[in-house]
Amino acid sequence: MSTPDIQPGTEPGKGPMTTSNSAPTGGNNASSIRFGHGIAFRLSALVLSAVGAIFVVMSTATYFMAREALLKNAEQSARTQAQALVQRIEARLAPISRVPLGLGYELSDGLLDDAGILRRQRQMLLDNPEIFGMAAAFEPFGRHADQEYFAPYTFRAPLGITHTSLGGPAYRYHAMDWYQIPRELKEIIWSEPYFDEGGGNTLMATCSAPFYKGQGRDRRVAGVVTADVSLDWLKRLVASVQVLDTGYAWLITRNGTYVTHPAPGVAFNETIFSRAEENHDPELRRIGQDMIRGGFKLVETTSLHTGKPGFLVYAPLPSTGWSLGVFSPRDELMADVNRLALVSAALGGGGFLLLAGLVAIIAQGITRPLRRLRGAAREVAGGHLDAAMPEVMSRDEVRDLAEAFANMQKSLKDHIRDLTSATASRERIQSELRIASEIQLGILPKTFPPLPGHTEFELYASLTPAREVGGDFYDFFPCGPDCFCFLIGDVSGKGVPAAFYMAVSRTLIKAVAESVAGAGRRRGADRHSAQPGANASESQRRIPNPGHILARANNGLAEDNESCMFVTVFCAVLDFATGEVHYASAGHNPPVLLRAGAAPEYLPTHGDPVAGAMTGVEFTTDTLTLNPGDALVLYTDGVTEAMNPAQELYGEDRLVERLAKMGEMNVRETCQALAEDVHAFADGAEQSDDITMLVLRYNGLNAAASKTDGKN
Amino acid sequence: MECKGSKQGAFFVLEVSGRMDALTSQGFETECMNCLEAGDTRVVADLGGLEYISSAGLRSILSAAKKLKAGGGDLAFCGLSGIVAEVFTVSGFAKLLPVYATREEALARS
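Protein chains in written order, with the working numbering: chain A, 1 to 712; chain B, 1 to 110.
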């Protein structure tokens, strides 16, 4: 979950849209701030990543496959284009080369006279506009025995077709290439192109064909017919060929000389080999070699002219032995492929963006109820338990979650209501217990010394409850002249029941003791008659008998005691004029007698039962005499059964040992020292029972001057 | 605290062991009430295995004894030792209730 400090609306201006505090809008605002971590974002990212990856793979595959296909197609079309160009050129060159051949046949037949030759030549010139001039050059002395040179030449002069005769000492044509090569090779030969400045000021090439005389074995070369062909049309044709945008075509002769080339100054001036040499391009040399051999091929190369990579298709022109090269730049061939790729990428990208938008919207739609739920949950978490849970219309997990949240909210409310009422009730009980505790401790006498003005004895008592209220008690009160009753008690069990029983016991015992004392006084005053005790003397008669007190109190407590609670009591009456103590015990721990100057000892008891258990029980009364300085220590089992963390008991032995060391301390100090010792022994262990003690020291009648309590 | 009961002659013997304090003593009372309901009114509690008894435990014993007596039976004790015997003595329960040294003696009474 997010930290509460970006809860929308808490700090205006912190988030982009912090305008509202209401739960659903708040949730949306928070989500827009934290979208980077939201489910919607991750869902979108995941889907889009997957789709994107698939799209990229598919596009790449499509691109390469299309490229392959298009490339093949482009190659094919480049070849086709080159071939078409070759055919277009051939379509005009082939008939031209047949023209001198035709004249040659006629000459071989020997049917033409000199004038006839000129007529034929003129006719042929008229028929073939590409032919600039025609010559029929005969072997030395081959036509006329007296003429070494006979070569009538008909050509287009500026003013019309005219005739001349070639040959003479200045122009020995028999040694010329145009004559020698076809004569020797006995085939039609196209010369290297040349620029004819004198004739037509045009690019020209000469097509030479030998003719013969004689038949069979006697057949000999009789001469050579030539046709000077203007090649301007060829140049224009090749130059006009449109190869894509920056592609171009060019021609080389069988020697490698450029006939046409788009670069200025290349045609006629350079050969393909010189150009290769110049540019250190061995590949071009190889291409040139293959071209003049008549190769027909497609090669991938880089154009020296444009510097672009591309495909070069070269093909021979069969009639001349020349070779045509067509260069197609690769990027333009690939333009289709690239356009296809671009289009598909654009389509794909557009689709992807559309999908991204859709996915985002769908994801937002799916998580919207979640975000609203989160807003509501935050409110609940913030303590606003009545926050409205958003209604989820979809029948999916989110709806289940919303219902679960609503249930949780309800349970939480119930629980908190229960807890509140439980806490209130516990606090009420606590407060009542506190008051009860004050009341309980309040009913115990806390006036020390108990009888101001009397120094015959001193007494101190303390009670440390284990809980708010407990079952221990002590009491002391005067009960007749020179008589002082003191007692300690411990109710079975703990807590409130014990406290009730303690209050009842303590009140009952005091009432009984005072009534017994009153009765004793009356009996002593009226009749001086014997008390029930066997060893009663006159002085003892007026002293209340603790055994009687306990017996009567026991009967009162045991009657209708449904809960079977009981109380152990040690009850004693001190005659402080004599130091005589009468005492009885109802199942209580034996008190410690501290004789001055002697070791502490436990008072022997008779094992009389606890009070409140059964009616009609007799309690034995014992008597002892305290000398000045002697003391009695009464305690409850909270002292001897105090436990330390090791579960060890404080014990009777330790009690006696400690009391022995306390020696001459006054009763308050003894009480406090003993309480501290028990506390130290417990060492932090929980106090399980009330700790109560009462110490009485007898000082004697004459002690007033020598010894006082000095404190209270 | 654990209680194991067995019928021995006219008596129902409860062997009590462990600690009998405020938390557990109700169990002893309940066992005795079960005996009473089953018609076993004469119960002997063998406290030989008892390690500790608190005043709440004594209250339960007293309550059980009173209820058994009201039902025409009784509750006797045997096998007391150590601190339990001391508590019985100091509290006077040894005087209030029949206590025997051994189980045989408790079973031999009429």
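Hints were generated in silico from the structure; no laboratory data involved. Please read all numbers here as calculations on a predicted model, not as lab measurements. Mixed in with the good hints, there may be bad ones.
As the list claims (entries may be wrong) - So the derived label-pair ranges between C-beta atoms look like this:
(1) E2(B) - E657(A): 16 to 26 Å
(2) L451(A) - Y52(B): 53 to 63 Å
(3) G82(B) - P645(A): 53 to 63 Å
(4) H679(A) - S81(B): 30 to 40 Å
(5) S81(B) - P452(A): 31 to 41 Å
(6) N34(B) - H454(A): 36 to 46 Å
(7) N34(B) - N407(A): 37 to 47 Å
(8) D683(A) - E2(B): 27 to 37 Å
(9) T625(A) - G48(B): 34 to 44 Å
(10) E51(B) - G616(A): 43 to 53 Å
(11) E2(B) - N644(A): 24 to 34 Å
Said to hold, decoys possible - Here are a few chain A residues that sit away from chain B, every Cβ distance over 10 Å (derived from the structure):
(12) K494
(13) V610
(14) A613
As the list claims (entries may be wrong) - Going by beta-carbon spacing under 8 Å, a handful of chain B positions derived as facing chain A:
(15) S17
(16) R19
(17) A56
(18) A94
(19) L96
Don't be surprised by glycine CBs; every beta carbon is placed ideally from N, CA and C.
Consistency of the hints with the structure:
At roughly 36 Å, the beta carbons of E2(B) and E657(A) sit outside the given window of 16 to 26 Å. Roughly 41 Å separates the CB atoms of L451(A) and Y52(B), a value that falls outside the hinted 53 to 63 Å. Range check, G82(B) to P645(A): Cβ separation about 23 Å, and the 53 to 63 Å hint is violated. Distance hint check: the CB atoms of H679(A) and S81(B) are about 31 Å apart, consistent with the given range 30 to 40 Å.
In this structure, S81(B) and P452(A) break the distance hint of 31 to 41 Å, their C-beta atoms being roughly 50 Å apart. Between N34(B) and H454(A) the beta carbons are some 57 Å apart, a value that contradicts the proposed interval 36 to 46 Å. With their beta carbons about 44 Å apart, N34(B) and N407(A) fall inside the hinted range of 37 to 47 Å. Between D683(A) and E2(B) the beta carbon distance is about 31 Å. The supplied range of 27 to 37 Å therefore holds.
Between T625(A) and G48(B) the beta carbons are some 43 Å apart, a value that agrees with the proposed interval 34 to 44 Å. Evaluation of the 43 to 53 Å hint for E51(B) and G616(A) yields a failure: the beta carbon distance comes to about 33 Å. In this structure, E2(B) and N644(A) meet the distance hint of 24 to 34 Å, their C-beta atoms being roughly 27 Å apart. The claim that K494(A) lies off the interface is violated: its Cβ sits roughly 7 Å from the closest Cβ of chain B, which falls inside the 10 Å cut-off.
The beta carbon of V610(A) is not kept farther than 10 Å from every beta carbon of chain B, the shortest such distance being approximately 5 Å. The Cβ of A613(A) does not lie farther than 10 Å from every Cβ of chain B; its closest approach is about 5 Å, which violates its non-interface assignment. For the restraint placing S17(B) at the interface with chain A, the shortest Cβ-Cβ distance is roughly 18 Å, beyond the 8 Å limit, so the hint is violated. A distance limit of 8 Å between C-beta atoms decides the matter here; for R19(B) the minimum to chain A is near 11 Å, and the interface restraint is violated.
Interface hint status for A56(B): upheld, as the beta-carbon distance to the closest one in chain A is roughly 5 Å, under 8 Å. At a threshold of 8 Å, the smallest CB-CB gap from A94(B) to chain A is about 6 Å, leaving the interface hint in force. Hint on L96(B) holds. Least Cβ distance to chain A is approximately 4 Å, under the 8 Å limit.
Hints 1, 2, 3, 5, 6, 10, 12, 13, 14, 15 and 16 from the list above are not met by this structure, while the remaining hints are.
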